[in-house]
Amino acid sequence: GQNIDQPTEMTATEGAIVQINCTYQTSGFNGLFWYQQHAGEAPTFLSYNVLDGLEEKGRFSSFLSRSKGYSYLLLKELQMKDSASYLCAVRDNYGQNFVFGPGTRLSVLP
Amino acid sequence: KAGVTQTPRYLIKTRGQQVTLSCSPISGHRSVSWYQQTPGQGLQFLFEYFSETQRNKGNFPGRFSGRQFSNSRSEMNVSTLELGDSALYLCASTMTTGAGDTQYFGPGTRLTVL
Chain A
1 GQNIDQPTEM
11 TATEGAIVQI
21 NCTYQTSGFN
31 GLFWYQQHAG
41 EAPTFLSYNV
51 LDGLEEKGRF
61 SSFLSRSKGY
71 SYLLLKELQM
81 KDSASYLCAV
91 RDNYGQNFVF
101 GPGTRLSVLP
Chain B
111 KAGVTQTPRY
121 LIKTRGQQVT
131 LSCSPISGHR
141 SVSWYQQTPG
151 QGLQFLFEYF
161 SETQRNKGNF
171 PGRFSGRQFS
181 NSRSEMNVST
191 LELGDSALYL
201 CASTMTTGAG
211 DTQYFGPGTR
221 LTVL
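The listed protein sequences correspond, in order, to chains A and B.
The numbering of the first sequence is the numbering used here, which starts it at 1 and goes up by one.
The numbering of the second sequence is the numbering used here, which starts it at 111 and goes up by one.
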């Protein structure tokens with residue numbers, strides 16, 4: 001089967017650092033993606049990992065461990081505009097379907 | 111470069127009717143995927159089209175169908191609408207680069223079934 005787990009909700013303070021975890025079990029693996037989705041809007045691409053390790057993009061970093069079926073998205077210097085849902089997705093079956101997790105709703109408080 | 115466009119943005123239908131949604135991918139992208147998003151189920155994959163052929167299909171009933179035209183535009187059709195079909199329907203076009211596949215989502219069509 002295919003299963004992707006993320007925490008449902010997280011809260012953090014403006015200026016802080018937050019780590020959003022994602023664990024997955026899928027048939028095949030061809031990349032893990034993180035998307036940001038603001039309420040009422042479409043998801044937007046944040047990051048892509050296919051090899052183990054950390055990928056850094058400005059205030060956002062994403063980590064992958066394929067042996068553990070685990071990834072995290074790290075957001076630094078949080079801003080109010082970072083309040084959104086963060087979706088973890090895996091491309092499975094060696095380049096076929098995208099399987100999305102339920103999303104983590106992040107609230108950034110002043 | 112224009113983004114993914116979807117029409118219509120909002121739609122209200124009644125049970126038993128059918129509906130057709132349209133998606134135009136980013137120019138040069140040949141892969142189009144459709145998703146259904148609901149508060150309870152999250153984003154669920156419907157199907158993917160590549161060069162006018164259905165390449166993948168999710169676990170949805172046969173009432174959900176789609177097609178892709180030679181210009182890569184895609185349509186999704188839902189027949190015999192049910193209340194549970196009320197959702198945001200998202201279309202995404204995929205670009206393949208050395209960094210892998212990246213999906214770009216359109217704004218979605220919000221379908222309400224009464």
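These are calculated hints, taken from the structure and not from any lab test.
These figures come from a predicted structure and were not determined experimentally.
In this text, a Cβ means the ideal position worked out from N, Cα and C, and glycines have one as well.
Heads up, a few of these hints could be off.
As the list claims (entries may be wrong) - The following residues of chain A were derived to be distant from chain B, with all beta-carbon distances above 12 angstroms:
| # | residue |
| --- | --- |
| 1 | 4 |
| 2 | 18 |
| 3 | 21 |
| 4 | 37 |
| 5 | 41 |
| 6 | 59 |
| 7 | 67 |
| 8 | 76 |
| 9 | 77 |
| 10 | 78 |
| 11 | 91 |
| 12 | 103 |
Stated by the list, open to error - Below, computed lysine to any residue pairings styled on SDA-like, alpha-carbon distance capped at 20 angstroms:
| # | chain 1 | residue 1 | chain 2 | residue 2 |
| --- | --- | --- | --- | --- |
| 13 | A | 68 | A | 25 |
| 14 | A | 57 | B | 211 |
| 15 | B | 167 | A | 46 |
| 16 | A | 57 | B | 212 |
| 17 | A | 81 | B | 211 |
| 18 | A | 76 | A | 30 |
| 19 | B | 167 | A | 3 |
| 20 | B | 167 | A | 27 |
| 21 | B | 167 | A | 2 |
| 22 | A | 57 | A | 18 |
| 23 | A | 57 | A | 85 |
| 24 | B | 167 | A | 30 |
| 25 | A | 76 | A | 40 |
| 26 | A | 81 | A | 60 |
| 27 | A | 81 | A | 49 |
| 28 | A | 76 | A | 105 |
| 29 | A | 81 | A | 105 |
| 30 | B | 167 | A | 108 |
| 31 | B | 167 | B | 189 |
| 32 | A | 68 | A | 108 |
| 33 | B | 167 | A | 105 |
| 34 | A | 81 | A | 18 |
| 35 | B | 123 | B | 139 |
| 36 | A | 57 | A | 31 |
| 37 | A | 81 | A | 50 |
| 38 | A | 76 | A | 31 |
| 39 | B | 167 | A | 57 |
| 40 | A | 57 | A | 79 |
Exercise for the section: Against the structure, test the hints numbered earlier, and report the numbers of the ones violated in rising order. Expected result: As far as the earlier hints go, 1, 4, 5, 11, 12, 15, 17, 18, 25, 27, 30, 32, 33, 35, 37, 38, 39 are violated by this structure, in ascending order.
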